[in-house]
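J.: Single-letter residue listing:
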Amino acid sequence: MIEARGIAKSYNDHQALKSLDLKIEKGSIFGLLGPNGAGKTTFIRIINQIIAPDKGELFFDGEKLSGKHIGRIGYLPEERGLYPKMKIGEQLLYLAQLKGLSKAEAQKRIHYWLERFELKDRVQAKVEELSKGLAQKVQFIASVIHEPELLILDEPFTGFDPVNTEHIKAEILRLNQEGATIIFSTHRMESVEQLCENILLINKGEKLIHGKLHDVKNQFKEGWYRIEYNSAWQAPEKSDWKVEHLPSRDGIFAYRVNLNGGPRKDLLDQLNASELISFQEEIPSLNDIFIQSTSGNE
Amino acid sequence: MNNLGLIIKREFVTRIRKPSFIILTLLAPILMAAVLFLPTYLATLPGEEKVITVLDESILMDIRDHGNDEFRLRYLNPKDFDFETAKKIAEESGDYAFMHVPLSESGDPDFVARNVRIFRDGDLGISVENYLEGSLEKYIQKEKLKAEGVDPEILARTRTNVQLRVINTKDNTETENAALIKMGVGYVAAFAIYLFIFIYGSQVMRGVIEEKTNRIMELMVSSIKPFELMMGKIIGIGSLALIQFLVWIGLGALIFTIFSAVFIDPALSDPGMINSSGVSDQLAALEEVPTFKIYTSLMTIPWAKVIISFLFYFIGGYLLYGALFAAIGSAVDKESDSQQFMLPITIPLILSLLVIIRALDNPDGPIATWMSMIPLTSPLVMMARVPFDVEIWQLLLSMFILAASFIFCVWLAAKIYRVGILMYGKKPTFKELYRWTRYKN
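Going down the list, the protein sequences come from chains S and X. 1 is the number of the first residue of the first sequence in the numbering used here; add one for each residue after it. 1 is the number of the first residue of the second sequence in the numbering used here; add one for each residue after it.
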């Protein structure tokens, strides 16, 4: 869907992006991760053609990205904002028409979306009269009203309460199932783990990690396992395994074991099935990976 | 509809629906009319009459002299009243003042001149004093001439009144001099442009700041080009200005017509009166009527040129300044930060207003000519000159320079704008603004 080759952008002396290459598959949910100031917004603005890269090329669906693709991209910026004095209906109509929809078509879709978000009776309300959460919903509608093939969401869940977060999440997944490619930029890792198949982690304008979420996690595994046991457990004496005792409670003993690259079977052979309560491979959370790789880069 | 059209429409429609705009548009001409006409109207109301009682013991004054609009003279016969009783009568009847012209034993008019006294409970109005002094001087002069043996008949016959008629011989046609009317037209036109540039230019700026503070810019520029957003706002607000201006002209004309029908002597605006006399008399009579004089001098103004220039300088000046205002709005986060950038815009405008005063006096002078070429001042200064019939090459050159510079300004402003709208926080300096214009995108 999107292919970037050697995208670079600097502001004055500050290099916001340093030669970024990347590929986003059609129909995927792509997580764009990075700490503040990593260059996420710069990259998103380049895709949206708000700014142009100094170097590099971007392709949209195999074609060189140009003005005609604007109508096929939907964007929910991190900086949320609407015209406060405009009525919701008018506002959505205006934004939809700017994306190239006809008036009749736009009105039909506004009707559909307002009904979906239970905002139908507020069409005549001005944006300034709405609560923050409702205004965010209107903003979300504005970004999807033209049924974009590529939907870019910059921190989509900020400002939503948990109920509405789930609601929006469900909508994002539904749009994805209907065929939309989604770029999801955030520094809140737990939502990425639930939604994204592919991720790109950038820091200081450079690519740190790129790939399938599953592969990335495997790559960051350090070979630790967690064991919960009904009795005390001892590692075989001859092994070079590292064993940490975790605080035990309610008579349950817990351990972290690292096999130093040995096969998992070796550990399982050492365990007595009747004493074993749980066995778990330690898979790093994206949060850990994020912190580990960005701080290691300092 | 294309995007620019949509933006223009939104800017226009949201503003024209505002109650404040509607009220201002309808009320301003009425208020203006009230300010202009109220004093005239009040003057026509019968005011409290001021009476000045005069005891003229020298029988110097003409008893047919009844004073002026401001006060009325009442003469007491010196045979019936002496000074004390006359003064008492004046005081008791609540007169404005009491004037005593004493009798000179030796018949010396200068003695009278030195000893005229006026009594008043309080200060005497300056105009009253001037009037009385003037007429007394006239009367005493008359006495003196009589004493020198000049017949008052001759004196009356030789009185003359000179009224200078200035004929403008430009273009080989003789027309009445109409400098005053031209100055009026020039000043009003230039001032209207000044007012609209300021009011609507700062509306453009406020609109841009509002979009910035509401954080809507990023969403907008993901759908449309910043240039379209900026031009849409400038043009939308400009159309609003034009509409308001036309409404004001229409309402103004209406109010003026009503006013003249009600307050100005209806005979003057009634052509029937003129038609009743013969042709030659008619012309002679016409030339004496002040409204006709105004009419003939209005005819000497090159109206087609004035109207076309007005529209051009109105739109050109507004576009030039509007673009600059938009650029300023994009560079700052709140209106209070805009002050330092406003200064370079305000100075040429204020300067133009000052130069206009001189340009009206000497429309072809070097200052007026130069300032009517420089683009930031030309909309006002040239407009003030146009009623005096500026040479066509000058007008065209000035228009060309203005057009070229507003295209340049719009281009420059767009460069600042597209960087500025996405910048938050720090207030930029002029140096940074310059650097923004150098950004590739």
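Because the hints were derived from the structure by calculation, they are not lab data. Treat each hint with caution, since some may be false.
Below, in silico cross-link-like pairs of lysine-lysine (DSS-like), each with a Cα-Cα straight-line distance of 30 Å or less [what the hints assert, rightly or not]:
| hint | chain 1 | residue 1 | chain 2 | residue 2 |
| --- | --- | --- | --- | --- |
| 1 | S | K85 | X | K79 |
| 2 | X | K9 | S | K132 |
| 3 | X | K146 | S | K87 |
| 4 | X | K225 | S | K64 |
| 5 | S | K85 | X | K138 |
| 6 | S | K132 | X | K415 |
| 7 | S | K217 | S | K242 |
| 8 | S | K85 | X | K431 |
| 9 | S | K64 | S | K87 |
| 10 | S | K64 | S | K242 |
| 11 | S | K18 | S | K212 |
| 12 | X | K138 | S | K87 |
| 13 | S | K18 | X | K87 |
| 14 | S | K18 | S | K68 |
| 15 | X | K225 | X | K426 |
| 16 | S | K103 | X | K427 |
| 17 | X | K334 | S | K120 |
| 18 | X | K415 | X | K427 |
| 19 | S | K132 | X | K79 |
| 20 | X | K138 | X | K79 |
Since this is a predicted model, take the numbers as computed values, not measurements.
J.: Now tell me, hint by hint, if it's right for this structure.
T.: Hint check:
1. In summary, the hint linking K85(S) to K79(X) is not supported, as the alpha carbons are separated by about 84 Å, beyond the 30 Å threshold.
2. For a cut-off of 30 Å, the pair hint linking K9(X) to K132(S) stands: about 28 Å separates their Cα positions.
3. Restraint check for K146(X) and K87(S): the C-alpha separation of about 89 Å exceeds 30 Å, so the hint is violated.
4. At roughly 18 Å between alpha-carbon atoms, K225(X) and K64(S) fall within 30 Å of each other, so this suggested pair holds.
5. The hinted pair formed by K85(S) and K138(X) fails the criterion: a straight-line CA distance of about 73 Å is larger than 30 Å.
6. Among the hinted pairs, K132(S) with K415(X) is inconsistent with the structure: their alpha-carbon atoms are about 33 Å apart, more than 30 Å.
7. For the hint pairing K217(S) with K242(S), the CA-to-CA distance comes to about 21 Å; that is within 30 Å, so the pair holds.
8. Our distance criterion of 30 Å between C-alpha atoms is broken by K85(S) and K431(X), whose separation comes to about 35 Å.
9. Our distance criterion of 30 Å between C-alpha atoms is broken by K64(S) and K87(S), whose separation comes to about 37 Å.
10. Using a Cα cut-off of 30 Å, the hinted pair K64(S) and K242(S) is violated, with the two alpha carbons roughly 53 Å apart.
11. The straight-line distance between the Cα atoms of K18(S) and K212(S) is roughly 22 Å, inside the 30 Å bound, and the hint therefore holds.
12. Between the alpha carbons of K138(X) and K87(S) the distance comes to roughly 77 Å, so the proposed pair goes past 30 Å and is violated.
13. Of the pairs offered as hints, the one joining K18(S) and K87(X) is violated, with about 103 Å between alpha carbons and a cut-off of 30 Å exceeded.
14. Simply put, K18(S) and K68(S) have alpha-carbon atoms about 27 Å apart, close enough for the 30 Å limit, and the pair holds.
15. Of the supplied pair hints, the one linking K225(X) and K426(X) holds, its CA atoms being roughly 24 Å apart against a limit of 30 Å.
16. Between K103(S) and K427(X), the direct Cα distance comes to roughly 40 Å. Violation of the 30 Å bound is thereby established for this hinted pair.
17. Using a Cα cut-off of 30 Å, the hinted pair K334(X) and K120(S) is violated, with the two alpha carbons roughly 34 Å apart.
18. Restraint check for K415(X) and K427(X): the C-alpha separation of about 17 Å stays at or below 30 Å, so the hint holds.
19. Taking the CA atoms of K132(S) and K79(X), the gap is near 96 Å; set against the 30 Å cutoff, the hint is violated.
20. The suggested pairing of K138(X) with K79(X) holds, with an alpha-carbon distance near 24 Å, which does not exceed 30 Å.
Checked against the numbered hints above, the structure violates hints 1, 3, 5, 6, 8, 9, 10, 12, 13, 16, 17, 19; every other hint is satisfied.
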